[in-house]
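K.L.:
Chain by chain, the residues:
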Amino acid sequence: MQTVLYDSSFEGFFTAVFEIYEYKIKDPDIRQQGAAPVSLFGGQHTVHTDTAKAMRVVKKLEEKLSADAFANIYRVLLSEKPGMENVLFRYIQYALQAAQSIETDYSHPDVLWIQQVVRKMGREKHRMEAFIRFQKTKDGLFYATVAPDFNVLPLIRKHFEDRYADQRWLIYDTRRKYGLYYDLHSVTEVTIDFAATLNDKASLRTLHDEQEDLYQSLWKTYFGSTNIEARRNMKLHIQHMPRRYWKYLTEKLPG
Amino acid sequence: MPSSLNQHTMSERISEKLTILSDAAKYDVSCASSGSDRKNENKGLGNASNGICHAYTEDGRCVSLLKILLTNYCIYDCAYCISRKSNDIKRAAFTVQEVVDLTMNFYRRNYIEGLFLSSGIFKNADYTMERLVLVAKKLRTEHRFNGYIHLKTIPGASDELMQEAALYADRLSVNVEMPTKESLRLLAPDKNRNDMLKPMRYIDKALTQNQEEKKVFKKAPTLAPAGQSTQMVIGATPETDLQILYMSHFFYQKIHLKRVYYSGYVPVSNDNRLPAIGTPVPFIRENRLYQADWLMRFYHFRVDEIVSPQEPLLDAQIDPKLSWALRNLQLFPVDINTADYMLIMRIPGIGIQSARKICEARKFSRLGMHHLQKIGIAVNRAKYFITTSDAPVLKDYQPMQIKEFILNEGSSKYQPNFSPQLKLF
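Taken in order, these protein sequences are the chains called W and Y. Going by the numbering used here, the first sequence opens with residue 1, and the numbers climb by one from there. Going by the numbering used here, the second sequence opens with residue 1, and the numbers climb by one from there.
It is possible that part of the hints are untrue.
[What the hints assert, rightly or not] Straight-line distance between alpha carbons at most 25 angstroms, and here's what the computed PhoX-like set of lysine-lysine pairs gives:
1) Lys125/W x Lys43/Y
2) Lys81/W x Lys374/Y
3) Lys120/W x Lys374/Y
4) Lys39/Y x Lys60/W
5) Lys64/W x Lys363/Y
6) Lys158/W x Lys39/Y
7) Lys39/Y x Lys85/Y
8) Lys43/Y x Lys219/Y
9) Lys43/Y x Lys158/W
10) Lys43/Y x Lys138/W
11) Lys39/Y x Lys125/W
No lab work stands behind these hints: they were computed from the structure.
Just chain W, same shape as in the assembly (with noise of 0.2 angstroms):
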């Protein structure tokens, strides 16, 4: 067995992928640079991330695969699960191997397992499409923080940026410490620490917009009006809604 360490980027992997066949190592074990210690025993080969060498990797899985399948790959490699990147290269040898598509072949271990990471990564981003919950400061910025189980950031912006195109809006992952911003035109990652300004509550209430608290206290009396005690199932309401996100719901948060 050979360790491959990337550097955790797409084109990274992809260049992993191209060395691997390139430099014909055997049995690889791919992995992120600085993430977990290395193997003692067998080789050790570091990838320099290469464009060109990725993009022949791209060009030849677009070939091979349907866009949607492609873009399943872009969504494992987002969902962080440890040993992602060598289901992923099994699934690419069986595919550039396969005289017809393999993508739908839900018999093999690797197609389901990517197959079911993909739905989990969809449904944690159909979640943050739901629940975040957005509050206006004095200068019209609507800003929200998150901390999704997987890096659903990249998957959601598109999502916002069509929705809320008349308002300024932050959406900041706490746990990966990077978010996004619009600014009435684009879209741009931005990696400034919040994490000091938002802890600290009471410096938040005076940056907030006069009528913050007033909608979000109509909001919190809608949410309790609108539920029918007669028909009260709480396993329901805990199943759609985890205990993990309460913190922030603005209608689930006390006061």
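Using the hints provided, position chain Y relative to the given structure of chain W.
P.N.:
Same frame as chain W, but now just chain Y:
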């Protein structure tokens, strides 16, 4: 008066109105915000496409839209309705601007997908409808709001107002409320069933015509892209599931409704024509009706395959698809590796997505039980109806036996309801 105090009392008033007018609107179960394709092309606010549930109430229902009444003042006295004239409750009315502000501000914070606006009838049908349309018009034109709008069409309102409503709304609906005209006459003596069907038919015609127009003139405005829906109250009156499902069948086939909702009656009145306050909401029946509805809309079941004059009630213990399979055991076992897609989706324990996956995966290799398990099929249920590469023969069981097996191994979410000891709410 100091302005801060002024503002304070104003926000209290709006909060009280919101409490009253959302409480009165919540018995309308529709919350769908899907089926439209409104895009944000004017760099305004919002779009309407797939529908998102932004929250779930403690009763487990999705909150997708701001669902409110414009007012709960009403000239009618329908026994099943909480806003009926004779009911001694607090009354309130929003102004058009208040509804617009609430919608915009909730939407901007990503609380909702849009607005579902209904109303009690004040003065007359046209007067009420006019105000509903005005809210939608303001949102669309003054605020460039492209989120979802569902408007109630008020029976008896003029055709011009209906047409205008369709121009701004994504969905329109009239609730027939009672599954038969006899029940309606009993409980809502001021209302006439034909008055309800008339606007549905009018809108249906207008939508069909609009689709034709759009084929010729691409630029023609789209009328109510998410179509129409309606709601029937279940369990307030003695109709059978057969009557209810045939009614739905009529709505889907003849008026092309997108959805029929079934609302288990929540007792809100001591009227002796209705189940008493404290009577449990018929959850199981409501759930079985939705399952039957899904079979008609997505699984290509005919209504007479689900209910019949001999068996006018759905089985409460098992779902209608399993019921159908047990009545038609001669069609089974089905060979997973060769059967037609349409038949595979009829197998208990296999949904549409799984059926599709089976048909894809079997092109690569013959499928066994372990494959099915991995794909996510309810094998415990399906195993009585299928053969696979590793289980090529099926033991012969009687329908009652299979039903027993399935009931014994699964713990139905309704189990407590079947035990003789009733759970108190």
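K.L.:
Indicate, hint by hint, whether the structure satisfies it.
P.N.:
Here is how each hint holds up against the structure:
Between lysine 125/W and lysine 43/Y the CA atoms are separated by roughly 24 angstroms; this keeps the pair inside 25 angstroms, and the hint holds. Restraint check for lysine 81/W and lysine 374/Y: satisfied, since their Cα atoms lie roughly 19 angstroms apart, inside the 25 angstroms limit. This hinted pair checks out: lysine 120/W and lysine 374/Y have alpha carbons roughly 15 angstroms apart, not beyond 25 angstroms. A hinted pair counts as satisfied when its Cα atoms are at most 25 angstroms apart, and lysine 39/Y with lysine 60/W does not qualify at roughly 35 angstroms.
With a CA separation close to 17 angstroms, the supplied pair lysine 64/W and lysine 363/Y stays within the 25 angstroms bound. A hinted pair counts as satisfied when its Cα atoms are at most 25 angstroms apart, and lysine 158/W with lysine 39/Y qualifies at roughly 13 angstroms. Distance restraint check for lysine 39/Y and lysine 85/Y: the Cα-Cα separation of roughly 41 angstroms exceeds the 25 angstroms cut-off, and the hinted pair is therefore not satisfied. Under the criterion of a C-alpha separation no larger than 25 angstroms, the hint pairing lysine 43/Y with lysine 219/Y is consistent with the structure, at around 19 angstroms.
Between lysine 43/Y and lysine 158/W, the direct Cα distance comes to roughly 14 angstroms. Compliance with the 25 angstroms bound is thereby established for this hinted pair. Distance check on the hinted pair: lysine 43/Y and lysine 138/W sit about 22 angstroms apart at the alpha-carbon level, within 25 angstroms; holds. The suggested pairing of lysine 39/Y with lysine 125/W holds, with an alpha-carbon distance near 20 angstroms, which does not exceed 25 angstroms.
When the structure is compared with the earlier hints, violations turn up for hints 4, 7 and for no others.
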